[in-house]
Amino acid sequence: MTERTFVSQSAGPIVLGLSLPVGRVHVKVSNDLSTARLVLHTDDSTGPAADAVTRARTEQNGQALGIEIPEMPGNVMVQSARGNRVTQHMGTVYGSVTGMTIINGRIVTGGSSGMQTVSPIEATVHLPARSSFALSTTSADTVVWGNIDRMEIRSVSGDLDACDVRDLTVNSTSGDVRVNRITDRITAQSVSGDIEVGLYDGRHAQIAATSGDIRVQATAAASGHVSARTISGDVRVAGARHLSVSADSVSGRVRNG
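Positions 7 to 263 (the working numbering) are the ones given, in order, by the sequence shown.
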């Protein structure tokens with residue numbers, strides 16, 4: 007096991023920027039927390055994942071804190087298990103992947119590619135109320151509990167599950183985006199992932215997808231314009247008769263009301 011803890015040098019709300027190529031992110035916003043902290047953890051005590059945690063870099067300027075976990079070099083597969091589900095992610099592979107041996111779902115040898123299997127890096131983030139969070143990742147799934155002020159996610163394939171967000175910006179290739187409540191603005195774009203807003207209380211929503219579905223449930227407190235556009239996915243904007251809505255799909259179903 008390898009673990010490092012980072013603590014903000016200043017008290018109160020902060021803007022935390024995290025770069026984690028592959029792994030999992032858990033964010034919790036607490037009203038009774040005065041100082042932000044982040045814990046990086048991997049089950050590996052040696053190897054690429056352990057080295058990445060050890061070499062993580064941090065920089066703080068006032069209320070802005072940045073933490074960067076470097077890419078793991080070489081042919082690496084990150085593997086994690088949740089119940090009966092095994093998730094694997096491979097970075098850039100150099101050479102061919104032949105002669106691969108798998109025992110109980112885990113790669114033991116990687117053939118001529120020299121593939122090495124490592125445990126995921128988990129980032130557990132604790133933020134004071136009114137904090138903001140930004141994440142840049144390739145495939146880290148992210149779960150956020152509590153009310154967060156502003157959040158920006160840039161991801162290739164990682165999913166996002168969040169509770170309450172005032173201002174959300176998401177750019178994803180194939181990850182799904184699920185938000186319980188938006189209270190001000192959402193700008194979200196995905197190629198093949200679904201985008202869902204459980205309760206929309208905001209004043210501006212611009213949501214676009216190529217093949218993913220879009221679902222938005224507006225409330226009476228919502229105002230302004232809602233734009234929901236996809237090429238082949240379905241679009242549903244409910245509870246929005248009092249709003250200005252642009253809902254379009256080239257080949258999918260559109261329901262607006």
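In case anyone wonders, no lab produced these hints; they're calculated from the structure. Even glycine gets a Cβ: it sits at the ideal position worked out from N, Cα and C. A portion of the hints provided could be inaccurate.
[As the list claims (entries may be wrong)] Pair ranges (Cβ atoms, derived): (1) 130 x 63: 33 to 43 Å; (2) 72 x 149: 20 to 30 Å; (3) 193 x 45: 44 to 54 Å; (4) 256 x 67: 40 to 50 Å.
Hints, verified against the model:
| no. | hint | result |
| --- | --- | --- |
| 1 | 130 x 63: 33 to 43 Å | violated, 18 Å |
| 2 | 72 x 149: 20 to 30 Å | holds, 21 Å |
| 3 | 193 x 45: 44 to 54 Å | violated, 30 Å |
| 4 | 256 x 67: 40 to 50 Å | holds, 45 Å |
Against the hints set out earlier in the document, violations occur for numbers 1, 3.
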